[in-house]
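**Student:** Letter by letter, the chains look like this.
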Amino acid sequence: MQALLRLSRFIDGTTRFIGHHVRWLVLAAVLISAINAVMRKFFDLSSNAWLELQWLLFGAVFMLAASFTLQRNAHIRIDVLSSRWSKRTRDWVDLFGHLFMLAPLTLVMTWLAAPAFLESFRSGERSVNSGGLAVWPAKFLVFAGFLLLFFQMISEVIKRIAVLRGAIADPEPEPVHGHNPEDVTTGGAHAE
Amino acid sequence: MIAFIAQNLAPIMFGSLILFLLLGYPVAFSLAANGLFFFVLAVELSPYSNDISLAWPLLETLSGRILDVMRNETLLAIPFFTFMGIILEKTGMAEDLLDTIGQLFGPIRGGLAYAVILVGALLAATTGVVAASVMAMGLISLPIMLRYGYDRPLATGVIAASGTLAQIIPPSLVLIVLADQLGRSVGDMYSGAVLPGLMLTGLYLLFVLFMSVVAPAKVPALPVAARTLRGSAWPLLALALAGLAIGYGAYQFFLPRVETGADIWAATVAVVAVYLYALADQHYGFNSLSDLAQRVVIVLVPPLALIFLVLGTIFLGIATPTEGGAMGATGALLMALGKRRLNYTLLSDALEATTRLSSFVLFILIGSRIFSLTFYGINGHIWVEHLFLGLPGGTMGFMIAVNVLVFILGCFIDFFEIAFIVIPLLAPVAEKLGIDLVWFGIILGMNLQTSFLTPPFGFALFYMRSVAPDRPYTDKVTGKVLAGIKTTDIYRGAVAFILLQIIMIIVVVAFPHLSITAAGPKVDPNSIDIQIPFGGAPDAGPPAPPSFN
Chain A
1 MQALLRLSRF
11 IDGTTRFIGH
21 HVRWLVLAAV
31 LISAINAVMR
41 KFFDLSSNAW
51 LELQWLLFGA
61 VFMLAASFTL
71 QRNAHIRIDV
81 LSSRWSKRTR
91 DWVDLFGHLF
101 MLAPLTLVMT
111 WLAAPAFLES
121 FRSGERSVNS
131 GGLAVWPAKF
141 LVFAGFLLLF
151 FQMISEVIKR
161 IAVLRGAIAD
171 PEPEPVHGHN
181 PEDVTTGGAH
191 AE
Chain B
1001 MIAFIAQNLA
1011 PIMFGSLILF
1021 LLLGYPVAFS
1031 LAANGLFFFV
1041 LAVELSPYSN
1051 DISLAWPLLE
1061 TLSGRILDVM
1071 RNETLLAIPF
1081 FTFMGIILEK
1091 TGMAEDLLDT
1101 IGQLFGPIRG
1111 GLAYAVILVG
1121 ALLAATTGVV
1131 AASVMAMGLI
1141 SLPIMLRYGY
1151 DRPLATGVIA
1161 ASGTLAQIIP
1171 PSLVLIVLAD
1181 QLGRSVGDMY
1191 SGAVLPGLML
1201 TGLYLLFVLF
1211 MSVVAPAKVP
1221 ALPVAARTLR
1231 GSAWPLLALA
1241 LAGLAIGYGA
1251 YQFFLPRVET
1261 GADIWAATVA
1271 VVAVYLYALA
1281 DQHYGFNSLS
1291 DLAQRVVIVL
1301 VPPLALIFLV
1311 LGTIFLGIAT
1321 PTEGGAMGAT
1331 GALLMALGKR
1341 RLNYTLLSDA
1351 LEATTRLSSF
1361 VLFILIGSRI
1371 FSLTFYGING
1381 HIWVEHLFLG
1391 LPGGTMGFMI
1401 AVNVLVFILG
1411 CFIDFFEIAF
1421 IVIPLLAPVA
1431 EKLGIDLVWF
1441 GIILGMNLQT
1451 SFLTPPFGFA
1461 LFYMRSVAPD
1471 RPYTDKVTGK
1481 VLAGIKTTDI
1491 YRGAVAFILL
1501 QIIMIIVVVA
1511 FPHLSITAAG
1521 PKVDPNSIDI
1531 QIPFGGAPDA
1541 GPPAPPSFN
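For the record, the sequence lines run as chains A and B.
Going by the working numbering, the residue at position 126 of the first sequence is 126; the numbering climbs one at a time, nothing skipped.
Going by the working numbering, the residue at position 72 of the second sequence is 1072; the numbering climbs one at a time, nothing skipped.
Please note that a few of the clues may not be correct.
[Stated by the list, open to error] Computed spacing ranges between beta-carbons, pair by pair:
#: 1; chain 1: A; residue 1: ALA167; chain 2: B; residue 2: LEU1203; range: 51 to 61 angstroms
#: 2; chain 1: B; residue 1: ARG1341; chain 2: A; residue 2: TRP24; range: 12 to 22 angstroms
#: 3; chain 1: A; residue 1: HIS20; chain 2: B; residue 2: LEU1337; range: 21 to 31 angstroms
No lab work stands behind these hints: they were computed from the structure.
Quick caveat: nothing in here was measured; it's all calculated off a predicted structure.
Every residue, glycine too, gets a C-beta built ideally from N, C-alpha and C.
The following block holds chain A by itself, in its conformation from the complex (with noise of 0.2 angstroms):
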């Protein structure tokens, strides 16, 4: 168990590194979206590679934050029943979840995507827009964003396993944006 817990903590450390840092692409995709749209208007400067390259960091920036979002357990979730039931049974809903739902969504997609981007990248696939950019990167996008998902999915069950054990207490928040008036000030974005 202490091997695996382990193991849990080197997944969790790695997924919040890159939960920490993918942020600033929201940024980067917020100026270059608003000074693309200036230059177009008033200096007829624009390309398709510019407006590309703003959904490939937003894209960048949801696929690889997915798995940070399971750990921070902000995935949105219906809980009128489940808020009535008692925290273990929630713990093993999410322990079959896991086991059950995300574990063959992420191996069927990360088995789907590898091949998609490893034969865009090995043939320089262009984006069909004039100007645009390769397509490749998007497609490592999806492939990289299911595998970390696939990764942090191992990290929660082994928690959840752990939990059930009463190995270690629980590390996981509750819900980010549950329907809980103490959420408020962290999941104040979710209702605009």
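Fit chain B to the given chain A structure using the hints.
**Tutor:** Chain B alone, transformed into the frame defined by chain A:
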């Protein structure tokens, strides 16, 4: 048995989705896993049913489907507007507005409630984060309203409801997501929502007026001692009239000279003129404006500038809605910088919240795309179509059924889930019935807005609860001990506004031209008032951004 399952796979898949979702496991993964599981099942069962058109090679299209989600430029507006909202919340703009507008309307009955509604609408038109508006107003206006004896349910209700205006007045995330799901341009949705959004604001104002007549004790005016900004409001009225006159002149000037948006340019000119006059008055000491009038003009400029930066550029066709979001976010950053509130922690926190929201929203969409590959592959959409087309009453029957369904779902689940799971199923049916999808989207948007107010899971009510005092406290100014706000007060306060929302939904259902721009009424420039410069739908929508799906 196997044949029965094969022939009824769509209802079984849908039922099992509901079951999975109710387990409380993250929605995104439940959707996707359900899609994959039934994909396998459907391929195995395909010999038993003609409805199933799935085969293994189709699975490989999944990574392409996710790539499509990534390439979707419309959805890029989600992080932009979210980020803008969070930054704006930290600039203290809402606080300044509430203080000043509260002083302006305070001396009349129901004045604080009017101020809350107007500021709510103004914040909604700049960016519209429900949480931010409700919390700012709850922290600033609620204590004042309680101090001077406002009815508790009314005070909390008006604050929570005004906060939700952010959902329907553009630029709102709900409308972006709905535009994406319905395959319509965000610009069309925005211009269609302007009039209904303003009418709803008007309805709130009328309700407060009505209360001040039938139950004046519930909405008292501020006592003289509480009026901190001196001077009369008359110069302001003169200034507003002058602004209108300038605006009207500018409108006549622009009308033959620009293709679209003469009203927007005219409003901009009028606002700038009034602002320059106020600055000159302050600088050279004309003494023509009271302190109150000074403050009001100066405090209104930042939000109006942001509205121009975002909505103005979108409606004028200078920027796409996504770029409008980016410009607004940049503007908010500059404002925060100007007020010296921008620092590393604030920026990093705002980016983190944006990243988290983007990631869970986009993953719900990814999940729903994986789900829909299978669901459409087993003719699930045809099953849904039969369900709804079988309703009595044709188009009206469909509209009523859909609205009741979305309203009930909205009491329990978030609008993101409704938008990504339910709307894609309803849109093809609506299209088949010949329903204008922009109109349909706006009605759904208003309906989803209501979900923020409906107990027990309305988010605006939670935000309200989190900032309202829950136990007796000593008022700082009067020194009196005031009772806390009970949760039932908050729930009761919401009821009246939920009814107003429903009335407005019915009005838009009954009068579609309120939201369909092409047939929309011509805008009278006089209806452009100084606080909300986009008092009407522009003559033509902005150029459509690339469409998707």
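**Student:** Which of the numbered hints are not met once you compare them with the structure shown?
**Tutor:** none
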